[in-house]
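Undergrad: These are the residues of each chain, in order.
Number of protein chains: 2
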Amino acid sequence: MKRSAFFISDGTGITAEALGQSLLAQFDGIEFHRVTLPYIDTVEKARGAVADINESARSDGQRPIVFDTVVNEEIRKVIARSDGFNIDVFASFLKPLEQELDTHSSYTVGKSHGIHEMTAYKDRIESVNFAIDNDDGARTQQYDKADIILVGVSRCGKTPTCLYMAMQFGVRAANYPITEEDLSNDELPKILHAYKDKLYGLTIDPFQLAAIRHERRPNSRYSSLDQCSLEVRTVERMLKKADIERINTTTFSIEEIATRIIAARGLKRKVGL
Amino acid sequence: MKRSAFFISDGTGITAEALGQSLLAQFDGIEFHRVTLPYIDTVEKARGAVADINESARSDGQRPIVFDTVVNEEIRKVIARSDGFNIDVFASFLKPLEQELDTHSSYTVGKSHGIHEMTAYKDRIESVNFAIDNDDGARTQQYDKADIILVGVSRCGKTPTCLYMAMQFGVRAANYPITEEDLSNDELPKILHAYKDKLYGLTIDPFQLAAIRHERRPNSRYSSLDQCSLEVRTVERMLKKADIERINTTTFSIEEIATRIIAARGLKRKVGL
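Residue numbers (the working numbering), protein chains in the order written: chain W, 1 to 273; chain C, 1 to 273.
Same shape as in the complex, but just chain W (with noise of 0.2 Å):
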């Protein structure tokens, strides 16, 4: 059974996808054809984006489930009256709000993922450079700066978790990769001694690294399941007799482990929220 999904916003899309994503997962049975429409911030846009609603109603031959984010009244009227099933956040919920707040909102569009505060932007800039500047153990010279500093072998996920820390939490995280010549014995490479506080160790099952490996270097001795148990066994050994914490992702999506990390670690998120 194919259904259409319609996340409409008057700015980015991203919390009416955020929302009607959540929802929609929890029913499995059904195949949704999603589509976001981002930026609908007049009645004319509006009339667009019901048109396209109605079409998919007709094409499909069932109501397509409609997330709306718009702030504007007006805006929302117009995409209330399309042959979607609405899920109308601001409609929902912004007039407890207001009784509880005891405050009429300001109805501002695009006020949550706009740019705020130029301090906050250019924390989130600088964190962003940070974790390129420091990734892959390029650099370590840095290290005294860094938040924290993601440790683990080739391929299990520092770089991406490094720099969704960066953008999305203005958090300085570098990352540090054990390769062949730190995995003589069980024992924490020397330069990270002085940081042992800031390090947070990840783990993979061995089977997953292999094939994320192959993609990249396909029969490899590097992607060989063989050299990726080695790797990481020494790795967790070594983490072990650190006492390093440390989260095996292998089932875990970016989001995950670094929001996981950063509840672990306590650490304060600098931009954003």
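Read the hints as simulated data drawn from the structure, not as lab findings. Warning: the hint list may mix true and false statements.
[To be verified] Here are the simulated DSS-like pairs of lysine-lysine, each with C-alpha atoms no more than 30 Å apart in a straight line: (1) C:Lys95 <-> W:Lys2; (2) C:Lys77 <-> C:Lys196; (3) C:Lys77 <-> W:Lys95; (4) C:Lys268 <-> W:Lys77; (5) W:Lys268 <-> C:Lys2; (6) W:Lys122 <-> C:Lys240; (7) W:Lys122 <-> C:Lys45; (8) W:Lys270 <-> C:Lys45; (9) W:Lys77 <-> C:Lys95; (10) W:Lys270 <-> C:Lys240.
[Stated by the list, open to error] To spell it out: a stretch of chain W is covered by chain C in this simulated footprint if at least three of its residues, at any positions, have a beta carbon under 8 Å from a beta carbon of chain C; those stretches are: (11) 8 to 14; (12) 70 to 81; (13) 197 to 207.
Just so it is clear, the structure is predicted and the values come from calculations on it, not from any experiment. Glycine is no exception: its CB is placed at the ideal position from the N, C-alpha and C atoms.
Following the hints, put chain C in place on chain W, whose structure we already have.
TA: Just chain C now, kept in the frame of chain W:
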């Protein structure tokens, strides 16, 4: 007036934060103290969250606002009994959706930001690697594999935008910085001619550019308003002459720049949704 706001989730907390932020952003006059409590996936942890909420209620002398995207009903009921003002997303929307879709939801935790499919996961990681490998014009040999190539002066937002596109959309985004040597005339650098269809320009207000550059190299020629103005104006002429679409990044967040370009170009999302 200070007021606490809690974002409570059985997963990463990303949806609760996104939704809560959109709504709170409408209340300008109020300063919210924001707390995210992710991975509240047991009744025990929910009781801990309630203790935190009640403690805030006491110290603020006001009910905290609680945004709750927990799926499990038993856990939600615990949270609903706190001293906070509860915005319960699943309670509000899941029942009507079940009715509309004529089926029961699976009430499964953490489905929205989890790792769904290995292929999508790999796509995403590969895109992040692509963005890093093709950052800052360092390499151009892979431009034929790029979905989009961002062009602009140094520090106008190219790198974080590419990384965001990679992370959130699985789009392969490269970027090429227009540097001093490209600025001798208004012609697009030769290396870019073959990829004209993939180019997208970023421009920025020279004052803001100077402020951003000043953070990196204070009181340098690089960060002087004269130099920034010259570069921005030249690049704008260059883009106009070559008829390349562009966006002024000055007042936009990374999310906005990325989603606007993706919408303008009709790029397909390869991950996430």
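Undergrad: Against each hint, give a clear statement of whether it holds in the structure.
TA: For each hint, the structure was consulted:
{"no.": "1", "hint": "C:Lys95 <-> W:Lys2", "result": "holds, 20 Å"}
{"no.": "2", "hint": "C:Lys77 <-> C:Lys196", "result": "violated, 56 Å"}
{"no.": "3", "hint": "C:Lys77 <-> W:Lys95", "result": "holds, 23 Å"}
{"no.": "4", "hint": "C:Lys268 <-> W:Lys77", "result": "holds, 29 Å"}
{"no.": "5", "hint": "W:Lys268 <-> C:Lys2", "result": "holds, 20 Å"}
{"no.": "6", "hint": "W:Lys122 <-> C:Lys240", "result": "holds, 28 Å"}
{"no.": "7", "hint": "W:Lys122 <-> C:Lys45", "result": "violated, 35 Å"}
{"no.": "8", "hint": "W:Lys270 <-> C:Lys45", "result": "holds, 25 Å"}
{"no.": "9", "hint": "W:Lys77 <-> C:Lys95", "result": "holds, 23 Å"}
{"no.": "10", "hint": "W:Lys270 <-> C:Lys240", "result": "violated, 37 Å"}
{"no.": "11", "hint": "8 to 14", "result": "holds (count 4)"}
{"no.": "12", "hint": "70 to 81", "result": "violated (count 1)"}
{"no.": "13", "hint": "197 to 207", "result": "violated (count 0)"}
The structure fails to meet hints 2, 7, 10, 12 and 13 from the earlier list, while all remaining hints are met.
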